[in-house]
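> Build out the structure end to end from the sequences listed, making use of the hints.
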Amino acid sequence: MTMVAEQQPLPGPAATSPYQNLETLRTSFPDQGILHVELNRPNKLNAMNAVFWAEYKKVFELAAHDPQVRVVIVSSNARVFTAGLDLSDEVVASNGETDPGRRGVALYHAVLNIQATFNAQANCQKPSIAVIHGACIGGGVDLVSAADIRYCSKDAYFCVKEVDIALAADLGTLQRLPKVVGNDSWVREMCYTARNAPSAEALQVGLVSQVCEDKEAVLQAALETARLIASKSPVAVVSTKNVLNFSRSRTVEEGLNYVATWNAFAIQTGDVRVAALASLSKKPATFSKL
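Positions 1 to 290 (the UniProt record's numbering) are the ones given, in order, by the sequence shown.
Keep in mind that the hints were calculated from the coordinates and are not lab data.
Any given hint might turn out to be false.
Claimed, not checked - Think about it this way: if two alpha-carbon atoms lie no more than 27 Å apart in a straight line, the pair counts; the simulated DSSO-like pairs of lysine-lysine are:
| id | residue 1 | residue 2 |
| --- | --- | --- |
| 1 | 283 | 241 |
| 2 | 58 | 44 |
| 3 | 241 | 58 |
| 4 | 154 | 179 |
| 5 | 57 | 289 |
| 6 | 283 | 58 |
| 7 | 57 | 44 |
| 8 | 154 | 44 |
| 9 | 57 | 282 |
| 10 | 282 | 232 |
| 11 | 179 | 57 |
| 12 | 283 | 232 |
| 13 | 58 | 179 |
Laid out in structure tokens, this is it:
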């Protein structure tokens, strides 16, 4: 079996940046342009607490504007992907309010603050690849729904768990998952029942695009895809993600107008000439940082 190469920090500013010294995440640069983010609370099965919400949001906000990052891989350093929300952690506080109306306003803004975590991933101009093994529960489905690409191992399973704790999923699953899989009936079944969906079913409905033998194999597959993405013009990749995100909830005509605007700028980049010369010479293209 092909082994995943040892991951080393990338020389330069990113290696000493705030990506490091995080409590709930572990980061590395396994190859040029690839940021690897690992969920890193193995003793808690990567349950998501207040520190996680802040750190995960921070990493994607940094990646969005880091010229050394072209693609982000998200995986797990535990025996599962994530157990979801850490129920022992009071992540939503009401500021001690006793009045129901004021307490409701405080809780509303607290939930919005947590939602911003996965919004940062979805809105990051750099694509993200979620690499799932084992259980992906509750908030884990919110996380992978915000990713651009999802791969999983054969032992992976997915569960929209929130209904079992008397809540509706509120971090993006109900908004993003229907667009990801395009099967409203399946999404509603998952969200109403909190049943487990195994990897084969996830592949069938389009939640993931690859199922690999095990954790090592799926990470290797993600790295191969990430290297391919990182080899492309970063202007083209960023433009494509922006247009795809914009077009998802708009008409074809609006999407076409938007991509025309993007390409009016992108076509002026030197990357077009670099790509054309590389194609003619049958040699790999080398593009400047974004």
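> Please go over all the hints and tell whether each is borne out by the structure.
Each hint, compared with the structure:
no.: 1; hint: 283 to 241; result: holds, 26 Å
no.: 2; hint: 58 to 44; result: holds, 21 Å
no.: 3; hint: 241 to 58; result: holds, 20 Å
no.: 4; hint: 154 to 179; result: holds, 24 Å
no.: 5; hint: 57 to 289; result: holds, 23 Å
no.: 6; hint: 283 to 58; result: violated, 37 Å
no.: 7; hint: 57 to 44; result: holds, 20 Å
no.: 8; hint: 154 to 44; result: holds, 22 Å
no.: 9; hint: 57 to 282; result: violated, 40 Å
no.: 10; hint: 282 to 232; result: holds, 15 Å
no.: 11; hint: 179 to 57; result: holds, 22 Å
no.: 12; hint: 283 to 232; result: holds, 13 Å
no.: 13; hint: 58 to 179; result: holds, 26 Å
Consistency note: the structure conflicts with the earlier hints numbered 6, 9.
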